[in-house]
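Asker: If you read the sequences in order, they're chains P and Z.
Counting from 0, one number per residue, gives the positions in the first sequence under numbering that gives the first Met the number 0.
Counting from 0, one number per residue, gives the positions in the second sequence under numbering that gives the first Met the number 0.
Just so you know, these hints were derived from the structure itself, not from any lab.
Glycine included, every Cβ here is placed at the ideal spot set by N, Cα and C.
Some hints could be false.
Claimed, not checked - Once the Cα atoms are required to be at most 30 Å apart in a straight line, the calculated DSSO-like pairs of lysine-lysine come out as:
no.: 1; chain 1: Z; residue 1: Lys187; chain 2: Z; residue 2: Lys211
no.: 2; chain 1: P; residue 1: Lys117; chain 2: Z; residue 2: Lys380
no.: 3; chain 1: P; residue 1: Lys303; chain 2: P; residue 2: Lys315
no.: 4; chain 1: Z; residue 1: Lys380; chain 2: P; residue 2: Lys346
no.: 5; chain 1: Z; residue 1: Lys68; chain 2: Z; residue 2: Lys153
no.: 6; chain 1: Z; residue 1: Lys187; chain 2: Z; residue 2: Lys167
Unchecked claim - Per label pair, the in silico range of CB-to-CB distance:
no.: 7; chain 1: P; residue 1: Leu316; chain 2: Z; residue 2: Leu91; range: 49 to 57 Å
no.: 8; chain 1: P; residue 1: Pro152; chain 2: Z; residue 2: Leu69; range: 54 to 62 Å
no.: 9; chain 1: Z; residue 1: Phe13; chain 2: P; residue 2: Ser84; range: 51 to 59 Å
no.: 10; chain 1: Z; residue 1: Arg113; chain 2: P; residue 2: Leu316; range: 25 to 33 Å
no.: 11; chain 1: Z; residue 1: Ser14; chain 2: P; residue 2: Leu107; range: 39 to 47 Å
Listed below are the residues making up each chain.
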Amino acid sequence: MKFWGTRLGSIVLAVAGCYLLQTIFQGNPGMNRLVVLACLWVTLSVSLNLINGITGQFSIGHAGFWMTGAYISGVIMKFQPQLKSMPAMQLLLLMMLIAFIGTGIMGLLVGLPSLRLKGDYLAIVTLGFGEILRIVVNASEPIGGSYGLFVEPKVNSIFIAAMLAVITIAACRNLLQTAHGLEFLSVREDEVASQAMGVNNTTIKVVAFVIGAAFAGAAGAVFAHLEGFISPTSFPMAFSFIVLTMVVLGGTGSITGSVVAAIVLFAIPEYLRGMSVNGEPLRFTLAGFVAFAIAGIGALALAKYTQDRVHDSKGKLIRYIGAVVGAIVVTGVFAAIFRNIPALGGKEIGVDQIRYVIFSLVLIAVMLLRPQGVFGHHEFGWHWFKSKKSQETVA
Amino acid sequence: MIGEWTPLIAGLEFSILPQQLANGILLGSIYALIALGYTMVYGVLRLINFAHGEVFMLGAYTALLVSWKLGFTQENVAQHPDINGSILTLVLLLFCSMAVCGIVGVVIELLAYRPMRNQPRIAALITAIGVSLFLQYSGQLFLPNSPPPSINQKVNPIQGATNIPLRKASAETLNNVSTTTAAYEAAKAAFDAQLPNEESRFQLSPTGQALKETMDEANRARTDAEATANSERVEIILPNGQIVMFFSAIALMVGLHFLVNHTKIGRGMRAASHDFDTASLMGINVNRIVTFTFFIGSALAGAGAMMNATFLGTPLTTFYGVVPGVKAFVAAVLGGIGNIRGALLGGLLMGLAEALVAWAGYANMRDAIAFLILIFVLLFKPGGLLGSAAVEKV
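Please model the entire structure based on the sequences and the hints provided.
Answerer: Here you go:
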């Protein structure tokens with residue numbers, strides 16, 4: 000009884016939460032779009048985490064599946080225009096369902112041959128499939144080719160996007176709670192041992208791949224109807240790397256980690272763009288960027304040194320704090336110096352230009368300092384606070 | 000339902016096939032140079048150096064910036080039309096590119112890959128992806144990239160092209176060409192003679208009109224005959240610069256072969272690639288070997304980049320290295336990754352495959368063929384063409 004109570008309660012809470020999100024941001028068109036995009040990034044990173052983190056199959060072709068979903072919806076709307084007479088919400092749900100199934104089939108087609116490979120080769124091949132999809136779409140004149148495709152009607156619904164994210168999270172979380180989920184984890188931990196325990200490795204890998212691809216496809220359909228226009232350049236190879244950064248930063252195998260990392264990494268560039276000083280939008284110059292890069296690399300080196308060579312916990316703490324404080328001070332000092340060099344101080348750079356630089360630095364820093372990601376294999380939840388309390392009482 | 004798709008084979012011109020194959024081989028030599036870097040690093044460290052394509056990009060930019068320093072900027076060349084490159088300029092560009100790329104490669108290894116050496120291979124791969132993204136996007140902030148600059152063609156003193164005729168047009172066709180040309184000349188002369196008697200070129204008397212129609216008819220016959228002659232004639236036209244590029248690439252590869260097989264450090268490289276840990280136990284300074292491998296591999300990419308940018312004159316962006324990098328990686332896998340001769344073979348085959356795809360009328364698919372080849376090689380012959388049979392299970 001308690002089980003069903005919790006179940007129903009959490010479902011009601013999730014739906015209510017999505018509805019609340021919708022009502023809060025409904026009136027603000029700018030925020031509205033950002034919230035939908037954030038939900039889509041969460042969906043993407045959680046679905047990639049199912050493949051990369053939970054099943055341990057390193058795939059970097061997620062942008063390809065995202066594009067497949069978007070194009071399935073776009074092509075159907077182009078060739079079946081009578082569907083436009085449907086109410087917008089039902090239409091979007093129908094398109095998401097079709098994109099979900101269609102991209103799942105695509106995931107099966109890609110996964111069956113490529114999942115025979117392991118490790119870095121699997122990574123390259125999934126990257127390759129993503130690129131082939133993009134090049135083929137680029138060359139296909141009937142579906143717009145490189146000119147892109149208009150998707151009618153534009154539907155902008157936070158509720159549906161948030162529900163998609165919640166359903167993706169719930170699907171992955173509930174999978175891990177069952178015996179089937181243990182099979183996925185066993186494939187990640189040791190393929191030989193899991194095979195010896197009677198797990199069909201190939202089936203598990205392909206199932207994970209299909210589910211991950213299908214959710215990405217559904218996100219693609221939402222994206223297509225949000226933007227109203229899609230083209231192969233809307234889904235560059237770099238998007239696969241962004242999703243990968245989110246999964247790696249959050250922790251491979253940690254669903255909450257992916258969610259938090261997706262929201263944070265999506266919000267940082269948007270936040271930087273909106274920052275202002277005394278009413279004027281903040282301008283970034285090359286001087287500041289160079290100063291930040293120098294300080295960042297220095298802090299990273301100090302942190303890595305501390306991690307490897309310093310063994311007393313007090314010294315570690317002092318050095319970590321020193322690295323952070325030093326980085327801030329050095330950034331300020333160097334920025335003030337570099338501002339006077341015309342080649343650096345005079346050149347303005349946009350937030351979009353430094354976005355990928357930040358992502359790449361995050362990727363390198365995480366790999367150097369904490370290869371398992373911020374949350375590692377763990378989930379963030381109430382038990383964090385509970386266990387701390389119990390430790391305190393014991394002490 | 001979904002409109003008309005292009006037919007499978009869009010129409011093959013066999014007379015241009017030899018030219019396309021020759022282009023493919025020339026391009027393939029550059030792929031082979033880049034592939035050597037992938038294959039050597041993989042051989043020693045079992046690491047796919049994702050950032051190798053970006054090292055290639057930096058090499059091309061080095062050549063560009065050095066050529067600008069030497070005065071080959073767009074404005075300067077426009078002001079001084081007599082400025083011209085010499086062989087010495089080319090050699091200077093080549094050495095600058097090779098040195099800068101070699102140093103960049105060593106620095107990347109030292110800062111990013113060395114701390115990852117004891118981590119799982121996937122962690123190293125993610126670091127490599129991070130380095131690659133970092134170079135692409137931070138390069139955008141510093142390097143000139145919009146509008147994409149390209150190296151001025153005046154740098155290159157080796158102009159002109161070599162024409163290799165393979166088959167001449169038949170005597171009958173040539174005869175036909177000369178007859179129709181003569182007929183056209185005669186008709187034109189008659190029309191020109193009539194022209195002074197006419198009011199204007201556009202208001203002709205019946206006589207003039209008749210003469211004009213005869214002339215047009217003769218002209219049509221002449222162009223038809225010339226088109227037939229062109230399609231019968233088979234020849235290869237190779238720009239001299241690209242021939243030099245090809246032979247320089249081959250020379251560098253021969254040099255590498257000597258280095259690896261006949262010097263002490265080459266023996267160290269072979270030992271480290273055979274068994275990294277045992278090599279270090281046998282008194283080989285493996286760290287120095289790895290540094291050296293990165294230097295040589297990156298310098299070869301720099302040489303390829305300089306020659307590609309100078310002799311082909313492609314506009315540079317910071318994504319210049321992505322596509323050649325991927326193709327060279329595929330070339331390395333195709334030939335058998337870790338195998339130096341395999342990289343050469345794979346590079347040439349990649350160039351040929353690309354040329355054939357372009358020839359079959361799918362020029363916009365030429366980037367996809369690399370990935371298709373990669374997928375098929377990995378699925379059916381993961382060791383590559385020349386790889387050892389006992390390759391690790393990928």
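Asker: Each hint: holds or not?
Answerer: Evaluation of the provided hints:
1. Restraint check for Lys187 (chain Z) and Lys211 (chain Z): satisfied, since their Cα atoms lie roughly 8 Å apart, inside the 30 Å limit.
2. Under the criterion of a C-alpha separation no larger than 30 Å, the hint pairing Lys117 (chain P) with Lys380 (chain Z) is consistent with the structure, at around 15 Å.
3. With a CA separation close to 11 Å, the supplied pair Lys303 (chain P) and Lys315 (chain P) stays within the 30 Å bound.
4. At most 30 Å may separate the alpha-carbon atoms for a hinted pair to count; Lys380 (chain Z) and Lys346 (chain P) exceed this at roughly 51 Å.
5. Using a Cα cut-off of 30 Å, the hinted pair Lys68 (chain Z) and Lys153 (chain Z) holds, with the two alpha carbons roughly 14 Å apart.
6. At most 30 Å may separate the alpha-carbon atoms for a hinted pair to count; Lys187 (chain Z) and Lys167 (chain Z) meet this at roughly 29 Å.
7. Judged by the Cβ atoms, the range 49 to 57 Å given for Leu316 (chain P) and Leu91 (chain Z) holds: they are separated by roughly 53 Å.
8. As the Cβ distance of Pro152 (chain P) to Leu69 (chain Z) is approximately 58 Å, the hint placing it in 54 to 62 Å holds.
9. Our hint of 51 to 59 Å for Phe13 (chain Z) and Ser84 (chain P) holds, since their Cβ atoms are close to 53 Å apart.
10. Between Arg113 (chain Z) and Leu316 (chain P) the beta carbon distance is about 26 Å. The supplied range of 25 to 33 Å therefore holds.
11. For Ser14 (chain Z) and Leu107 (chain P), the Cβ-Cβ distance of about 44 Å falls inside the hinted range of 39 to 47 Å, so the restraint holds.
Checked against the numbered hints above, the structure breaks only hint 4 and satisfies the rest.
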